[in-house]
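Heads up: the sequence shown is residues 1 to 622, going by the UniProt record's numbering.
I should point out that these hints are in silico values taken from the structure, not numbers from a laboratory. As the structure is a prediction and not an experimental result, all values here were calculated from the model. You may find that some hints are simply not true.
[Said to hold, decoys possible] Straight-line C-alpha distance at most 16 Å; calculated EDC-like pairs for lysine to aspartate or glutamate:
no.: 1; residue 1: LYS526; residue 2: ASP586
no.: 2; residue 1: LYS282; residue 2: GLU258
no.: 3; residue 1: LYS526; residue 2: GLU581
no.: 4; residue 1: LYS606; residue 2: GLU542
[Claimed, not checked] Label pairs and their computed distance ranges (CB to CB):
no.: 5; residue 1: PHE25; residue 2: GLU375; range: 50 to 56 Å
no.: 6; residue 1: LYS92; residue 2: PHE25; range: 23 to 29 Å
no.: 7; residue 1: THR219; residue 2: GLU87; range: 56 to 62 Å
no.: 8; residue 1: LYS432; residue 2: ARG605; range: 27 to 33 Å
no.: 9; residue 1: ALA167; residue 2: PRO470; range: 47 to 53 Å
no.: 10; residue 1: VAL478; residue 2: SER60; range: 37 to 43 Å
no.: 11; residue 1: GLN56; residue 2: LYS482; range: 53 to 59 Å
no.: 12; residue 1: ASP586; residue 2: THR462; range: 37 to 43 Å
no.: 13; residue 1: THR462; residue 2: LYS552; range: 19 to 25 Å
Glycine included, every Cβ here is placed at the ideal spot set by N, Cα and C.
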Amino acid sequence: MSVLMDSVTTCLSLPVHYLICKLGFEKTDAYDINNILSENGEVCWHAVTEHVCYLQSDQSVDYVKSIRSLGPVCESVNLHFKSLTKEQFVIKYALWFHWTNCTELFLEVFDVLQYTQSTEVALGLMKLTSCLERALGNVYLLLGKDCPFLLRDLLASEQLAVVFGQAVMNVLRVFIGSPYGLNLRNVLWHGFASPKEIPAKYCAMLLFLTAGLGQLLRTYLLQNKCILVHRPYVIFVSLEELDVFPDLNHEAVSIAEELVNLSSFVLKPMIPFWMAALTAFKRSRYADCVIFLLPQLEVGLRLLFTTTNKCPNRLLTAEVKFLSKMLVKHLDNEEVNQLPAVLEEPAMEFLWDFLNHQEGPRIRDRLSHGEINLETFPREVANQLVAFAITLLCRFSDEDMFAFKEHMVVKPLMNCASCYCSRFHPIARLKKQVCTSNCESILIEINNSFLFWRLLIELCDTRICTLYSPRPVLEMLVVLRKISTQCHQVSEQVIASTELRYKQWMNKTLRSRQRHNYLRMLNSIKFLSPVLRLILVLMTVELVNIHLVCKKNPSDYQQYLKFLKSVLQYTENLVTYTSPEKNKWDETLELTNKILIKIKRISDRKLMLILFAKSSEKDLLS
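Start from the sequences and build out the full structure, keeping to the hints where you can.
Have a look at this one:
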């Protein structure tokens, strides 16, 4: 791997490298900023859109000619910003960034352009594009309902064309959102560009265009008498669920800096990004740290992927969904992906948890799409990703890393990484549901069964493979989780009702009908408690043996799925009948009798199959 690593000088394919690093510099004519900027500081969009060229065949954007034509314009904008003081820039432009709800961030990008430190320019572009995407999504929702997830689809939407004009959207697509243009957002967020490969003038141009969009939007809002609503940011709840590794101190970060220069997980052109990430962590700039780090983790994983699967050409393939493809079981040619075997299951589960699972933090998606408030990004999340990165730096190296792995700061990190279990896969979420306090209330408050509760916990402690769960497993998990949710609701309703009625009984405030109803409720609890416990056992046993469902033939599978759905129907009816509005306690007995018959029938059939299998095995041995 070191030979490949040493030979790599860029992760951009030749065509993409030409588009980004050379094409926009081919025209060297000076361009007058006054052509696109009026005296009162407004962007002259007509003059900007004139530089977008179109193909004669179908009038779609000719990205090559457009980039070449816009090159001098971008340079002029960059020089214009460099000529301004911070105060002048604020007076002239700050107002036009308010629509993004991130004015301070855009002012910071101006500061970055004054010094053009390569890593900071890249960081500024990543933050700018993510916040711009979020703001454009807010504009989309003025006219549309479901905002497109991909920036490419958002920029191509009819809704944004109505607000800003199609010609303006085509200008944006030259810079971001189209794989045929500069595609700056994806090239940076997916780790294909090294610090020196992103010209600062493109960052300046996007800053300029964002202000111009603000001016166009103001006109649209005034004409249509509407208000732009900013969607709330996603907030990380239950941060304790993300707590995997111990807190990193300065010594750990210093060791990480040493490892960056030694590990074969890091490509040499990308070392400045790694160092910038660690520096940001030390300076408590946690969002910046993670924005730097995530693309570099993807680069390192891509290097491992291309090496282990013997496809070095894919190191330079700028595919948007490549990270997801790296983590799948099979390659496009149906051969087994070798990366999971190299990374091993705990590391794979960590990556799926933090990046992919729908109920996980999905950090990369949420950061890159502008869904997170960068100013309040939690240290806890950054700590986990930096710690995980340190373990990868240690594991993948041609150098002797024994001393590092045994270091008193690093060893606990390696131990935590080696025993990680998924927390956000549907299997893990169902385990949590079964063992949550609401379920405990079913077992202990309704009917004291401490040993039974411990049995459930021990069953849930069984390690179950979560990687690459096939469709039948996921279908069953959906039903089991719904059953669990309904059981919790029944439990909460019954407990709330019994507590209320008990107080009213003691205070002698119940009317005659309510007293009779209360007695029926108490009678129902006697059978509801063991039935709910039975369902919990059924769910837990099915969970522990969830992968056996793949061995069922289609007919047996459909039959069993139908049975589980009947249990779900029973629990849903229980929720209705035990609600304060219904109080149908006698009817719950009838429902329960029916479901118990079904459960017994299935259990008898399973037992018969087990006995038959044992008998057949005995016959074969005799």
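Consistency of the hints with the structure:
Pair hint LYS526 plus ASP586 holds up; C-alpha atoms about 12 Å apart against a cutoff of 16 Å. Of the supplied pair hints, the one linking LYS282 and GLU258 holds, its CA atoms being roughly 15 Å apart against a limit of 16 Å. Restraint check for LYS526 and GLU581: not satisfied, since their Cα atoms lie roughly 21 Å apart, outside the 16 Å limit. Pair hint LYS606 plus GLU542 holds up; C-alpha atoms about 12 Å apart against a cutoff of 16 Å.
Checked against the given bound of 50 to 56 Å, the beta carbons of PHE25 and GLU375, roughly 35 Å apart, lie outside it. For the pair LYS92 and PHE25, the beta carbons lie near 27 Å from each other, so the given range of 23 to 29 Å is met. About 27 Å separates the C-beta atoms of THR219 and GLU87, a value inconsistent with the hinted range of 56 to 62 Å. Between LYS432 and ARG605 the CB atoms are about 30 Å apart, so this pair conforms to the stated range of 27 to 33 Å.
In this structure the hint that ALA167 and PRO470 lie 47 to 53 Å apart at CB holds, the actual value being about 48 Å. Taking 37 to 43 Å as the suggested C-beta distance range, the pair VAL478 and SER60 conforms, at roughly 42 Å. A beta carbon spacing of about 56 Å between GLN56 and LYS482 agrees with the range 53 to 59 Å that was offered as a hint. With their beta carbons about 39 Å apart, ASP586 and THR462 fall inside the hinted range of 37 to 43 Å.
Evaluation of the 19 to 25 Å hint for THR462 and LYS552 yields a pass: the beta carbon distance comes to about 20 Å.
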